[in-house]
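Visitor: Taken in sequence, the protein lines are chains A and B. For the record, in the first sequence the residue sitting at position 167 is 167 according to full-length UniProt numbering, with numbers rising by one throughout. For the record, in the second sequence the residue sitting at position 107 is 107 according to full-length UniProt numbering, with numbers rising by one throughout.
Calculated from the structure, these hints are not laboratory results. As the structure is a computational prediction, the values presented were derived from the model and not from experiment. C-beta atoms are modelled at their ideal positions from N, C-alpha and C, and glycine is treated no differently. Careful, some of the hints might be misleading.
Away from chain B, derived, C-beta distances all over 10 Å, residues of chain A [said to hold, decoys possible]:
1. Tyr58
2. Pro113
3. Phe130
4. Ala232
5. Ala293
6. Leu316
Label pairs and their computed distance ranges (CB to CB) [stated by the list, open to error]:
7. B/Gly57 <-> A/Ala102: 28 to 34 Å
8. A/Pro165 <-> B/Gly57: 51 to 57 Å
9. A/Asp47 <-> B/Glu22: 18 to 24 Å
10. B/Glu67 <-> A/Arg135: 26 to 32 Å
11. A/Thr5 <-> B/Glu22: 36 to 42 Å
Read off the chains here:
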Amino acid sequence: MTTSTVAPEIVAFASEVRAALSDLSREEVDDLTDGLEADLAESLAEDLRRTLPDPVAYAAELRTAAGLPGREPSDAKRGLLVAMQELTERIASVSERNPAIASLVEFADAVRPVWWIVRAWATTWMLAAFFGMERGFGFEGAWWVVMLGLTVLSIQWGRGRWGFPSQRELVTVGNIVVAVVIVPIFGAAWSWGGSGGDYEAGFDAGSDSGYGADSPLSMMGKPVTNVYAYDAAGQPLTGVQLFDQDGRPLDPFDVSSGDGRPCVDRDEVDCTSLFVPAQLVTGKSVYNVFPLAAIASALDEDAQNAPAPGAVATPLPAPFAVVPAVQPAAAPTPQPVAPLNE
Amino acid sequence: MDATQLLKGVLDVAVLAVVEDEDGYGYDVVRRLRAAGLEDVGDASVYGTLRRLYSAGALTSYVVPSEEGPHRKYYGINAQGRATLELQRKVWAEFATTMSDLLGTSTTGEAA
Chain A
1 MTTSTVAPEI VAFASEVRAA LSDLSREEVD DLTDGLEADL AESLAEDLRR
51 TLPDPVAYAA ELRTAAGLPG REPSDAKRGL LVAMQELTER IASVSERNPA
101 IASLVEFADA VRPVWWIVRA WATTWMLAAF FGMERGFGFE GAWWVVMLGL
151 TVLSIQWGRG RWGFPSQREL VTVGNIVVAV VIVPIFGAAW SWGGSGGDYE
201 AGFDAGSDSG YGADSPLSMM GKPVTNVYAY DAAGQPLTGV QLFDQDGRPL
251 DPFDVSSGDG RPCVDRDEVD CTSLFVPAQL VTGKSVYNVF PLAAIASALD
301 EDAQNAPAPG AVATPLPAPF AVVPAVQPAA APTPQPVAPL NE
Chain B
1 MDATQLLKGV LDVAVLAVVE DEDGYGYDVV RRLRAAGLED VGDASVYGTL
51 RRLYSAGALT SYVVPSEEGP HRKYYGINAQ GRATLELQRK VWAEFATTMS
101 DLLGTSTTGE AA
């Protein structure tokens with residue numbers, strides 16, 4: 001139909017015009033657009049300042065003048081594109097009269113290639129983040145290749161190459177999406193530093209213990225699920241209430257996080273026993289009373305883990321029956337106690 | 001008054017008039033219309049009008065291949081087109097006279 005000496009912008013434009021007429025029969029489209037490339041090439045060559053108009057609006061004008069019905073479903077879309085086209089034209093006419101705006105527009109035009117790269121990066125980042133494979137402003141291995149590919153695509157589209165039907169609409173929507181999310185993405189990339197490490201440590205710990213990935217109480221990255229206290233004589237204590245330096249209960253489980261009751265043991269699928277909270281005299285159930293006991297688990301009517309009917313709480317085996325006693329302090333000032341269980 | 005609104009009603013006859021003596025391809029017709037003073041005429045409006053006149057049987061059409069560029073689609077007037085043009089010339093002359101009288105101007109070329 002066309003030979004190759006036409007500028008690629010014109011070929012792309014003509015294909016977009018044909019796409020906008022695609023609801024008509026093939027014959028009608030050919031009738032309307034036969035020779036379009038030649039006409040456009042000539043009109044552009046004659047008026048060098050002229051830019052290609054919006055293909056959708058152009059197709060609409062062509063269609064109306066030819067007495068063919070308008071394209072119903074895409075009216076809203078066309079309205080938006082026409083509005084954007086008008087805005088662009090208005091900016092152009094304002095900038096012609098105002099040198100300050102003109103230089104601003106010129107500057108914005110000059111940095112467009114930067115935007116082409118930024119949007120490719122942002123798109124890659126979103127995709128990588130979906131798989132948890134973003135690393136600050138960068139990515140894990142193969143995602144760099146994805147970014148390279150998207151960058152080439154983005155630049156080619158930015159230059160009006162590699163056109164396809166509805167490209168303009170898609171690129172416009174994509175630009176808006178990236179413009180909206182770019183600030184949050186920058187924020188996330190900026191504050192990323194090391195959080196992935198914590199996440200992975202938590203994940204490893206979680207998969208080791210078979211319990212929640214984000215344990216509130218941990219030692220060397222491994223969750224602490226129970227605490228055994230011994231008195232000065234080395235004898236095990238029960239009912240020990242523990243608090244941290246701020247008076248917060250040392251609760252090993254984040255029951256509010258939705259994982260439900262903390263699980264002690266599980267078979268392949270289900271939890272077989274649960275930690276039992278202690279009851280305070282106030283009636284409150286708490287998990288900072290150690291050592292915690294366990295109770296057999298069964299699924300309740302909501303398919304949630306719950307203490308099995310008729311089951312009794314039983315103490316869990318302590319790591320040590322007794323531990324060495326503490327040397328009585330000679331001085332009245334208490335001495336720091338070294339960890340006992342090496 | 002916005003001349004582009006007026007133009008919509010008379011673009012058919014204007015297009016017929018500029019291909020009356022010589023066949024022309026799309027942009028060629030646009031150029032002739034602009035040269036005649038219809039500077040605001042839109043390309044796509046003209047191409048669409050050419051296609052509609054062709055469908056209505058007022059124009060003939062043929063493709064001329066080009067060695068170094070895309071082919072061109074030429075349009076030429078036929079007997080039916082000439083008849084239409086003659087009829088519309090009369091309609092326009094009467095209409096223009098009526099409007100000029102109504103608006104109280106002696107010349108038809110001046111835009112209000």
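Visitor: So A/Tyr58 supposedly isn't at the interface. Is its beta-carbon more than 10 Å from every beta-carbon in chain B?
Guide: violated, 5 Å
Visitor: Lying within 26 to 32 Å: is that true of the beta-carbon distance B/Glu67 to A/Arg135?
Guide: violated, 56 Å
Visitor: So the hint says 28 to 34 Å: do the beta-carbon atoms of B/Gly57 and A/Ala102 match that?
Guide: 50 Å Cβ-Cβ, so the 28 to 34 Å window is violated.
Visitor: Given the hint of 36 to 42 Å, check if A/Thr5 and B/Glu22 actually sit that far apart at their C-beta atoms.
Guide: Given a distance of about 26 Å, which is not inside 36 to 42 Å, the answer is violated.
Visitor: A/Leu316 clear of chain B by more than 10 Å, beta carbon to beta carbon?
Guide: holds, 82 Å
Visitor: Hey, is A/Ala232 genuinely clear of chain B, shortest beta carbon separation above 10 Å?
Guide: About 95 Å separates A/Ala232 from the closest Cβ of chain B, which puts it past 10 Å; holds.
Visitor: Holds or violated: 51 to 57 Å for the Cβ distance of A/Pro165 and B/Gly57?
Guide: violated, 32 Å
Visitor: Are all beta-carbon distances from A/Phe130 to chain B longer than 10 Å?
Guide: Per Cβ check, A/Phe130 is outside 10 Å of chain B; nearest 42 Å; holds.
Visitor: Hey, is A/Pro113 genuinely clear of chain B, shortest beta carbon separation above 10 Å?
Guide: Holds, because the least Cβ-Cβ distance between A/Pro113 and chain B comes to about 30 Å, which exceeds 10 Å.
Visitor: Is the nearest CB of chain B more than 10 Å from the CB of A/Ala293?
Guide: holds, 82 Å
Visitor: Can you tell me whether the CB distance of A/Asp47 to B/Glu22 sits inside 18 to 24 Å?
Guide: Since A/Asp47 and B/Glu22 have Cβ atoms about 23 Å apart, the given range 18 to 24 Å holds.
Hints 1, 7, 8, 10, 11, counting from the list given before, are not met by this structure.
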